[in-house]
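In case you want the letters, here they are:
Protein chains: 2
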Amino acid sequence: MNNYLLKITFLGTEYHGWQKQKNALTVSEALETAVKNALGVSVSLKGCGRTDAGVHAINYYCSFTADINIAPESLRLALNSVLPKDIAVKKAFTVPKDFHARFSATEKEYIYKIYPSKTHNPFYENRVLNYKYPIDINKLNEAAALFVGTHDFSSFSATGSSVKDKVRTIYLSEFTQKGDIIEYRVRGNGFLYNMVRILVGTALKYNEGKITLSDIESLFNGYNRSLAGKTVSGAGLYLNDVWYGEEIF
Amino acid sequence: MNNYLLKITFLGTEYHGWQKQKNALTVSEALETAVKNALGVSVSLKGCGRTDAGVHAINYYCSFTADINIAPESLRLALNSVLPKDIAVKKAFTVPKDFHARFSATEKEYIYKIYPSKTHNPFYENRVLNYKYPIDINKLNEAAALFVGTHDFSSFSATGSSVKDKVRTIYLSEFTQKGDIIEYRVRGNGFLYNMVRILVGTALKYNEGKITLSDIESLFNGYNRSLAGKTVSGAGLYLNDVWYGEEIF
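Here the protein sequences come in this chain order: A and B.
Counting in numbering that gives the first Met the number 0, the first sequence tops out at residue 248, every number present.
Counting in numbering that gives the first Met the number 0, the second sequence tops out at residue 248, every number present.
If you're looking for bench data, these hints aren't it; they were derived computationally from the structure.
Keep in mind that the hints are not guaranteed to be accurate.
Which copy? The list can't say, so a pair holds if one copy fits it or any two copies do.
[Claimed, not checked] Restricting the straight-line Cα-Cα distance to at most 30 Å, the calculated cross-link-like pairs of lysine-lysine (BS3-like) are:
#	residue 1	residue 2
1	Lys165	Lys90
2	Lys107	Lys89
3	Lys163	Lys35
4	Lys165	Lys107
5	Lys204	Lys21
6	Lys163	Lys90
7	Lys35	Lys117
8	Lys177	Lys117
9	Lys107	Lys21
10	Lys138	Lys107
11	Lys90	Lys131
12	Lys229	Lys35
13	Lys89	Lys21
14	Lys131	Lys177
Please build the complete structure, drawing on both the sequences and the hints.
Below is the structure:
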């Protein structure tokens, strides 16, 4: 038995996220079908985390064990030749048997893209949030700076999540102008369900003058989902990378 | 009667080009439907040129006359509110009655995008040509430099075109590295059917060592469609802008 790790990238528009579901096409299902078609084996992929419908990945990691012996680069080429064009394997590795794409992860980084304009841009559709109000990037960064550190992020999590420990540490949280797009980059040791989308929604709520900085600070001291911002569209969200301790993939 | 000029942008993936056709969705048809839905009038749009299926436009110009009196900015907003998300009106103008988006044009500029990689990129699908061979950008520019000037471009035109005068003047023809994409920019007083795609195909043929620079020069002196390069995919092609003499839109 070998444990294979795949570093993949995907455009999430056509998928109902990563995780297998009934009656909905997901990225893991498309990839398992590709493994079956390319290698003739049925595998169960373990992903580095769930992603929501329409969310994209610059780098996503998943692993599977199988009783096959194929060189990683041959595996990569075989999968790319049968995968749909909106998913690609960037690299393949063999990893120790106890490696798990989710539990072995130590840090994750997401990017969220915002296009501030009253007119929609056809090339950004399903890829960037079209935000119709004026943006003050300095205000966004005032809010973003508050997210850095170790906090209870309950107020920034979708209701109904079963995760109990809602304390996470954020290392980087910053909005940057990139051409006509504003890019939010956030890196931490873990993220709650919908957390990045609610962090962005909260920074935008502050930009609109509907919440103060001390309101935002108060959210860490007591649960108040409605005071935090709304969950912005998944279409602007990209998993950018995942770190695995000493390992570099 | 007013003559309105629209500066639009579109992602061409879902369309069979600009020009109206039976049994195929085209950009002009989508836009005429939007005018009908927004203003209640049936108009006949005159475009700045045909574009092929799957070809995109950063800036495309079209005009229509109608017995209405609406301020250009109101027209723009009304159309954007009913247009499909892959088409947007960037600006609207009133122009003199004799203005024609195609016949009044004095120069046009196209961009062609190439992603040189053995692995496909999900985010570039339908937008950038995935070219699987190694690229030497200096070689591409050696070929591109030959296209500048006034030449008979018959060999760089699709067969079956009814246009008689095949002499055109190219002012700018250059490949530039932009991140992981190679961008070809070409500006001229006019272009034959498929001409930009064949110019790019010819530069790539030279890059692959299958044609010499003197072969390319000889193409201007006698028709030889098969010696020129193949017609590369329309999905990498963007109409970038059109000039109208003294007028700036």
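Against the structure, the hints:
1. Taking the closest pair of Cα atoms, Lys165 and Lys90 never come within 30 Å of each other, the shortest separation being 33 Å inside a single copy and 48 Å across copies.
2. In the homo-oligomer, the alpha carbons of Lys107 and Lys89 lie at most 30 Å apart inside one protomer (18 Å), although the nearest pairing across protomers, at 38 Å, exceeds that limit.
3. For a Cα distance limit of 30 Å, the shortest separation of Lys163 from Lys35 qualifies neither inside one copy, at 36 Å, nor across copies, at 55 Å.
4. Taking the shortest alpha-carbon separations for Lys165 and Lys107, only the intra-copy value of 16 Å comes in at or below 30 Å, while the best inter-copy value is 56 Å.
5. In the homo-oligomer, the alpha carbons of Lys204 and Lys21 never lie at most 30 Å apart, since the shortest distance is 35 Å inside one protomer and 48 Å across protomers.
6. Proximity of Lys163 and Lys90 under a CA criterion of 30 Å is satisfied in neither setting, with 34 Å inside one chain copy and 52 Å between copies.
7. When the C-alpha separation of Lys35 and Lys117 is checked against a cutoff of 30 Å, the pair qualifies only between copies, where the shortest distance is 23 Å, while the shortest distance within a copy is 46 Å.
8. For the identical chains of this complex, Lys177 and Lys117 are neighbours both inside a copy (18 Å) and across copies (28 Å), given an alpha-carbon limit of 30 Å.
9. For a Cα distance limit of 30 Å, the shortest separation of Lys107 from Lys21 inside one copy, 28 Å, qualifies, whereas the shortest one across copies, 50 Å, does not.
10. For the identical chains of this complex, Lys138 and Lys107 are intra-copy neighbours only, at 25 Å inside a copy versus 41 Å across copies, given an alpha-carbon limit of 30 Å.
11. In this assembly of identical chains, the alpha carbons of Lys90 and Lys131 lie at most 30 Å apart only when taken from different copies (17 Å versus 38 Å within one copy).
12. In this homomeric assembly, Lys229 and Lys35 never come within 30 Å of each other (Cα to Cα): the closest approach is 40 Å inside a single copy and 36 Å across copies.
13. Taking identical chains as interchangeable, the C-alpha atoms of Lys89 and Lys21 lie at most 30 Å apart only when both belong to the same chain, with a minimum of 28 Å there against 42 Å between chains.
14. Both within a single protomer and between protomers do Lys131 and Lys177 lie at most 30 Å apart by alpha-carbon distance, with minima of 18 Å and 29 Å respectively.
Hints 1, 3, 5, 6, 12 from the earlier list are contradicted by this structure; the remaining hints agree with it.
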